[in-house]
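Chemist: Residue-level listing of the chains:
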Amino acid sequence: MEVTPEKLRALLAGSESEGSGCITRAVRVKKIYRTGEQETHALRGACLQIRRGEYLSIMGPSGSGKSTLFNMIGALSKPSEGKVYIDQVDVAQLDFDELAWFRCRKIGYIFQSYNLVATMTCLENVTLPMSFAGVDAEEAHERGVELLELVGLGGRFLHKPGELSGGQQQRVAIARALANRPEIILADEPTANLDQKTGEEMISLLTKLRNELGVTVISATHDLKMLKSSDRILWIRDGVIERVARPSEIDFSSGEFH
Amino acid sequence: MSTSFHPAASPIENQVRLPFHVAWEIVVQGIRIRMGRSVVTLFGVVLGVAFLMSILSAGLIKGAVAGEIELRQRVAAMIGFLLADTGPLPGKTLALHRDSLPDAAEDRFVEALRKQGVSEIVSAAEIPALPGKKGLGALVVIGGSLPPDIWEKISPSLSHRLVAFTRTPSSPPAGASVVQLQREPSAEDLQKQAAARKSDRVRTIWIVTIAILVTMISISNALLMSVTERFREIGTMKCLGALSSFIRRIFFIESALIGFTGSVIGSAFGLIFSLAVYSATFGPGLVFSSISVFWLTVAYLVCTVGGILAAVIAAIYPADFASRMVPATALRTNI
Ligand SMILES: Nc1ncnc2c1ncn2[C@@H]1O[C@H](COP(=O)(O)OP(=O)(O)OP(=O)(O)O)[C@@H](O)[C@H]1O
Ligand SMILES: [Mg+2]
Chain A
1 MEVTPEKLRA
11 LLAGSESEGS
21 GCITRAVRVK
31 KIYRTGEQET
41 HALRGACLQI
51 RRGEYLSIMG
61 PSGSGKSTLF
71 NMIGALSKPS
81 EGKVYIDQVD
91 VAQLDFDELA
101 WFRCRKIGYI
111 FQSYNLVATM
121 TCLENVTLPM
131 SFAGVDAEEA
141 HERGVELLEL
151 VGLGGRFLHK
161 PGELSGGQQQ
171 RVAIARALAN
181 RPEIILADEP
191 TANLDQKTGE
201 EMISLLTKLR
211 NELGVTVISA
221 THDLKMLKSS
231 DRILWIRDGV
241 IERVARPSEI
251 DFSSGEFH
Chain B
1 MSTSFHPAAS
11 PIENQVRLPF
21 HVAWEIVVQG
31 IRIRMGRSVV
41 TLFGVVLGVA
51 FLMSILSAGL
61 IKGAVAGEIE
71 LRQRVAAMIG
81 FLLADTGPLP
91 GKTLALHRDS
101 LPDAAEDRFV
111 EALRKQGVSE
121 IVSAAEIPAL
131 PGKKGLGALV
141 VIGGSLPPDI
151 WEKISPSLSH
161 RLVAFTRTPS
171 SPPAGASVVQ
181 LQREPSAEDL
191 QKQAAARKSD
201 RVRTIWIVTI
211 AILVTMISIS
221 NALLMSVTER
231 FREIGTMKCL
241 GALSSFIRRI
251 FFIESALIGF
261 TGSVIGSAFG
271 LIFSLAVYSA
281 TFGPGLVFSS
291 ISVFWLTVAY
301 LVCTVGGILA
311 AVIAAIYPAD
321 FASRMVPATA
331 LRTNI
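So the protein sequences, as listed, match chains A and B.
The first sequence runs contiguously to residue 258 in my numbering.
The second sequence runs contiguously to residue 335 in my numbering.
It is worth saying that the hints were derived from the structure and are not from the lab.
Here a beta-carbon is modelled for each residue, glycine too, at the ideal position from N, C-alpha and C.
Worth double-checking, as some hints may not be accurate.
Stated by the list, open to error - Stretches of chain B that chain A covers, calculated by requiring three or more beta carbons in the stretch to come under 8 Å of a beta carbon on chain A: (1) 14-24; (2) 30-40; (3) 227-236; (4) 242-256.
I would like the entire structure built from these sequences, with the hints used as guidance.
Modeler: Set out below in structure tokens:
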């Protein structure tokens, strides 16, 4: 697909049109956490449009609201103010059942802390979302094996997460995120615990999913390689989206990245 | 864009409801893997139910033993009164007339007569058919009345003209010496007994209520702990598409399972404990001859079913709480 510079600029700036090319849209999203008397404004009116099939990286210092933003656009929690649309659907309008369906089919989550179910084997962790989606056991088993092989965990189907290294757990989490062929992959530091080689493999896996299958990838990361292979990079600070840029516009040798 | 990966842009549908066995397998596997934790939870249930069962069965055993002791005393007293008039019984023959249905003490009394070495007990009704039967000792009447015609027919065969009534005689036969083996308790005694029974019942109800509360609290505490430990797992499952009803079901299955196992074991422990304590106090012979297997079985079932119910009721709050948790909160460590 040929992209004209005008088109690209329009996309990077966040299109004003609400076309179907936009898979996730956040409109003036605010999130206020109340702990006792204190209020934490984790997000202060974030606006965001993510194109279908886009690879978006999010950067920001610790406590800037990345995880909060992920929770909002991943339908894991409701904003205090503002709206989140995923695939044209206002998430706030969904009931518990529909949300479950939505999380199950549309989004694959890769958590910073993996969040594997400790009592289940790797394979069962990967097949769990498939059984929630009603895939029959045999098919789920087959696909689970394929996915684990894809992330390079061939011979470890029956290990418990506790018996794996951090990087291996992260790969199980990636395999699990792909289980129901999601349209969106939300990843929080997916390469943080991987060695360089597996990290690169995972990046190329995500890029491949994006290029070949049109999966939208949204990931928080400080990994230079990931930043460089993304379509857009978004900076967030104190709950405000500060800057959006293409990798080609950024000087990766500046101090900010080291 | 490949169509095999995203089969079709489908509208939002209702999430699949998983069959029961999926939840069951997840629960069983979870219990097996977290064996240590499960055993601790189970132990909480066992303790609670064992406590309740020991209170209930102790009450039953105590009542049965007290009844047995009173019965034995009554029988011994009856034998004593009879012997005072007839002298030692070995080798003697007694005539027996049943005027009314015998109660437990009177039944025992007849048995005890045999044990005293009475050679024969002849039913009064048969005596006229045995003309010339000699050597009959006294006539024992189970009850308080003796029809005069029976007395007339029997009296010639008696060596002692002695009639022993187990209850207050209504019309003592003429020309016979009459013994009353048991006294009816006086109105005052009856009143005292009723008062004692009443205060006993109040105390039992109080203790059982406390026992039920302790059991409930111990069970819900154990289950609540095992739920709160797993908020994160619940959050994870919700992110992967688990329905609230599925989460709730998992907790109910787990609670019911632990409640069932714990109650079966706990009731057995409680029963064994009180049997052992009472055996040590009164001797196993007395305890095992007096207990009612039926009522102990009832108590066992009540405790087991009660334990399971308590476990399921205890799971309502945590299960509801867990199933309604927002995934982001459940995960705590956010995404
Ligand atoms: N559940 C919560 N209750 C109260 N405050 C919260 C909660 N979650 C996040 N916050 C606050 O919101 C702000 C943003 O947090 P968030 O987790 O989104 O940061 P982050 O960008 O993901 O940081 P990190 O890179 O360290 O993961 C922080 O100040 C945090 O203290
Ligand atoms: Mg974070």
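Chemist: A separate judgement is required for each hint: does it hold in the structure or not?
Modeler: Structure-based check of each hint:
Counting residues of the region 14-24 of chain B whose beta carbon lies closer than 8 Å to any beta carbon of chain A gives 5, which meets the minimum of three for the stated coverage. Chain A is given as covering the region 30-40 of chain B, and this holds because 3 residues of the stretch bring a CB closer than 8 Å to a CB of that chain, at least three being needed. Against chain A, the region 227-236 of chain B contributes 4 residues with a C-beta closer than 8 Å to a partner C-beta. That satisfies the three-residue criterion, and the hint holds. Check on the region 242-256 of chain B: 4 of its residues sit with their Cβ under 8 Å from a Cβ of chain A, so the three-residue criterion for coverage holds.
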